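Going line by line, the protein sequences match chains A and B. In terms of our numbering, the first sequence has 468 at position 468, counting the first letter as 1, and numbering is strictly consecutive. In terms of our numbering, the second sequence has 52 at position 52, counting the first letter as 1, and numbering is strictly consecutive.
Quick caveat, the hints were computed from the structure, so don't treat them as lab data. Each hint can be trusted.
Derived coverage of chain B by chain A (criterion: at least 3 residues anywhere in the stretch with Cβ under 8 Å from a Cβ of chain A; other residues may be distant):
(1) 61 to 72
(2) 78 to 84
Derived list of chain A stretches under chain B, where covered just means 3 residues or more per stretch with a C-beta under 8 Å from a C-beta of chain B:
(3) 169 to 179
(4) 404 to 414
(5) 452 to 458
Since the structure is predicted, the reported quantities are computational estimates derived from the model, not experimental observations. Heads up, the beta-carbon is just placed ideally off N, CA and C, and yes, glycines get one too.
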Amino acid sequence: MPDVLNGLLLGLQVALSLNNLLYCLLGVTLGTAIGVLPGVGPVVTISLLLPLTFGLPPETALIMLAGIYYGAAYGGSTTSILVNLPGESSSAITCIDGYQMAKNGRAGAALSVAAIGSFIAGTIGTLVVVVAAPTIASFAMQFGPAEYAALTIAALVATAALARGGIAKGLGMALLGILIGMIGIDVTTGVQRFTFGLTSLFDGVEFAVVAVGLFALSEIVVSIAEREQRELQSVNIGRPMLSPQEFRTALPAILRGTGVGSLFGILPGAGQTIASLSAYVLERSFSKNRDNFGKGALEGVAAPESANNAASQTAFIPTLTLGIPGSATMALMVGALMLQGINPGPQVLSSHPDLFWGLIVSMWIGNLFLLVLNLPLIGIWVRMITIPYRRLYPAILCFSCIGIYSVSYSTADLVFACFFGLLGYLFVKCGASPALFILGLVLGPMFEENFRRAMLISKGNLKIFLESPIAVSLLVLTALLVLSLLIPSIRRKKEVALEAGDEN
Amino acid sequence: MRLTEEVILFIMFGLFGAVAIVLGFSYGIGSPARAGAGLVPFVVGVALSCLSANFGFRAIRETSNAISFPELRPLLYVVGSILLFAILIERAGLIISVVSLVIFSRLADRNHSSLDLIVTTLVLIALSVGIFVHILGLNIALWWF
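Put together the whole structure using the sequences plus the hints.
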């Protein structure tokens, strides 16, 4: 426990330095500003802003990216409530009651409860990270190569199993990502892999290039064609504050949502989406005014928004302690860490305590900024929502291009980005998940390195995976998850849950 | 043959799988204790080929809807405008590149007004020069001279 206190003190020191506070504030503001833009979710936002953080010191870069992440998530809730347009699937469920509230002229109350719920959930979620992360990290210190290889496999297969569109598609996406991750000179043997003689590929493909191509470019192409005619009357925000009585109604929902969210956030795969969805369903069965759900119930906004935000905090636990990201956004965070020359894993806590604790404290500060900033600035956000797409996408394209070019001043990177844009477009057309591709990209090299090391230790005997209890239990759990999805009724439930999150 | 989801996945996984198998093999599989550079690519290639075969069979057996590509026009213009940017950035400088990128990419969208285009272009020039060159201090020339 004194370790945790010392850590928090160190974190306060790092996070409260003027520079880091400014970048946290900048991240949160930029994240919200871009996150409220229609059709731009957190993943696109982070990919887009990733190149901007290259010149920063690691802890500052990560603090800013985390700020962007919360900001973008919050921005997504704002568009869900005001114009019924979720930025990502995890805020889809907020649309149901949030948009109804906005239609009833109570958008202000909906936004307030989302902000307050997110703040409470963020605070509790951060506490969960503080308590759980060091424990898991010290446990993970015992992991050897065999355990790590098993863990990466488990993370990929579990995510693929929980993804939309079936496990075969998901696995294929992860495998494609693994292949792309192997481009470049193999460190162990010095062999050039998949470089096709191109010097720009010797060091592999830049992570930011893949991210921007896959998420931002393909998104632009699809959105231009859709040209969604959004019904955007002048939104009447209404009274932005909650009455004490409303707060009393919302608080239990917020706390229950936080509990559900904290739990699901740790799990890989559709964690955040399933978290907000389960919180909503749970709340509907708990609530006294059940009939009001779907017609603008305050709890219907409070529960999923809190769950969503709690999950987005606890999702950092596997990312920070194991270096295993559970979602596309977390994969981007791991990618950002690696770009900074830091190998994610349990050793981060001991080798870069300033980064670890600084990030944790800044999570809470970021949530505080969101609460303080968003309600007063809501007028600006509303105006940003109304920017037509035809003015928006040239801007996204322009910043993507300059961002990609600035990574290593190479025009080849722009051509590669086009390639990944095309690939991402094909993924969208097939209903496949680009998130798994990016997870494969991040986890692939990690798996290969650990697998080879394990085989070296065991002198080529695969039994090493069966001799470690941790590796065996991970593999067995994964196998059970996959097998359980072979049971039709369970599989149907999964598909229904994911679709409900998508359509609303 | 109709272009369904399964057909695209069959081709995509098959193509990448075949490349991974052939090249992976040439990089050297190595021995179990000393895995070569080609082992993991080879195994990934085999797995991808299996998945490809799976989607191939499904493509024959199931009748899912053909996929249409209404986004072909934006796709071409977006990719084209990025390639144009790639050609221009080191030859003509940032400002010309941004102008060409914005104008060319706006063609992706059928309805455009010229006033709107001019304003967007000017705003984006100001933003990119301001943010990337002045605030972030990137070493990008503004003009060709």
